[in-house]
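Participant: So you can see what is in the structure, the chains are spelled out below.
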Amino acid sequence: MVETLRRHFAHLSYIAALLVLIVIVATMAAIGAPSQAPYEMIGLFTLIAGCQLIGPEFSKGTLQLILSKPVGRSAYLVSRVIGVVLAIYVAILVMFASDVIGRLIAGTTITWRTALSTMLVAALKTLLVCCLLAFLGSFSRSYVNVAIYIGGQILSSMVFGLLSMMKNAVSGEMGKIGALLRAHPGLLEGFAAARRNIFPDGPLIPFDRNWILMMLCNASVALLLACVIFSRREVPYGAD
Amino acid sequence: MNGIRVEALTKAYRPFGKVRPVLKGIDLTIAPGEVVGLIGPNGAGKTTLMSCIVGFLNADSGSITIDGRSNDDLDVRRRTGFVPERMNFDRRASGGAFLRYMARLAGVPSDRVGARVDELLARLALTEASDKWLSQYSRGMLQRIGMAQALMLDPDFLFLDEPTSGLDPNGVFLVRDLIAEEKARGAAVLLNSHQLAEIEKVCDRVLFLKDGVIARDEALREVAKITITVTLLAGSYDVATVTAAVGGVLPKNDVVTANVATEGEIAQLVSRIVGTGAGVIDVRRRTADLESIFRGES
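Listed in order, the protein sequences are those of chains P and U. So the first sequence is numbered by our numbering: it starts at 29 and just counts up by one. So the second sequence is numbered by our numbering: it starts at 697 and just counts up by one.
Chain P on its own, in the form it takes in the complex:
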């Protein structure tokens, strides 16, 4: 965990990204923009940091060096996830502080409930995305985990949109699928629920306990699966 944090803090692009975030957040706070707006950038930040969770270590051969030491694989994976999550939490805290300071200096109103809720949403989304990327990285190589994640997000949106349209179709082949979807509404609802769990939107109300619980549960399941798969995975190195 400490090593993961060190790697991030020693990375010039991490420092540069933090500085950019500070400038953007403070400027937006000064002009009175809603607190939520700049936090969208954290999603991108999470993908960039999270994609390096385990896959590149497979490809580069770093993992073999580490796993030759008396370290439990699950313990190592969890510590890596915590390290990456904490590195992003530092960015979230910096954003929160920049938002508050920017508003104090400009004299714009601070809505504490909104600001804190936004920060919590960003923090929980970060946790879930990192755990999902760890899960996807536990059976893939290099940066394939982030490709699967983004691909899955795009594909699920497209499929959901397509199925929603097909549900209303009444004629031709589409009509048959539409009839099936109308006869079994659980299919579309189940798909939508799975999508909401894996790629969730923010909660409808601030500090929604159910939403918070869903995020924590999903992150735990993803991390547990990641540990199970990673502990059985082979880590070949070199070539004969």
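Simulated from the structure, these hints should not be mistaken for laboratory data. Remember, it's a predicted structure, so these values are computed and weren't measured experimentally. No incorrect hints appear here.
Label pairs and their computed distance ranges (CB to CB):
no.: 1; chain 1: P; residue 1: F188; chain 2: U; residue 2: R710; range: 31 to 37 angstroms
no.: 2; chain 1: U; residue 1: D723; chain 2: P; residue 2: R169; range: 30 to 36 angstroms
no.: 3; chain 1: U; residue 1: D873; chain 2: P; residue 2: E262; range: 33 to 39 angstroms
no.: 4; chain 1: P; residue 1: P84; chain 2: U; residue 2: D978; range: 52 to 58 angstroms
no.: 5; chain 1: U; residue 1: K714; chain 2: P; residue 2: L252; range: 31 to 37 angstroms
no.: 6; chain 1: P; residue 1: S259; chain 2: U; residue 2: R765; range: 15 to 21 angstroms
no.: 7; chain 1: P; residue 1: R169; chain 2: U; residue 2: R787; range: 18 to 24 angstroms
Glycine residues also receive a C-beta, built at the ideal position from the N, C-alpha and C atoms.
Once you have looked at the hints, place chain U on chain P.
Facilitator: Frame of chain P; chain U shown alone:
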């Protein structure tokens, strides 16, 4: 302490569902204090075998035990050192920071980390480079720091994959001395290398892996099997007298080839030959010729 034991090990890769057997029933043992070399052509399965023993790959069948325990046991891992062929780590870490991280992973007590890292840096002649980033290290320096991390806890079992690759002669001598020190300490060492001369110098035994099986298992320093060749000065000796002195072995082209059991017997044999009045111009101790083994000639 028991050594490393591999029994009936098989392993196949399955690219796109197509089964490609790599190891086809490997049996081997490495005793404590024994240095065993692993040689063989590319694709023979050397790296796969080492990966299975270290625990990076799962065997399809057979068993691997290290000191009588499973190879993925964390206590066994604590007593194991592994040097990969290429040292890959975050290149923005300094050599010292890298070793401190490895020391923490290895479980070195925090109050001893600094001292242990300094010791290893000095032992591997890297003290002056300890503050340099790994990105500034040469291939040889990376090999040496890879060796340093493997020796962190004075391992009982050492796995070395091409440890001298990319090293200058001084680096090669250093690694050779380290292997000798580890052997003297009682460590069981498995050395995978393409450098036959190196294998010949440091190993007690060599395993020739070919097509997934151990085709040859040759002792290089087994004292009971010392073969010596004594070259005599042409015309300086009487064939019958020399033959009698060496126990019935006829000189061939002025060369007497004899097997002795101990190193002391070498001196006695030479002394007996010289005692017949023969001129001795060369005495050689012959070990298994690795090049011939590799070429499949002997």
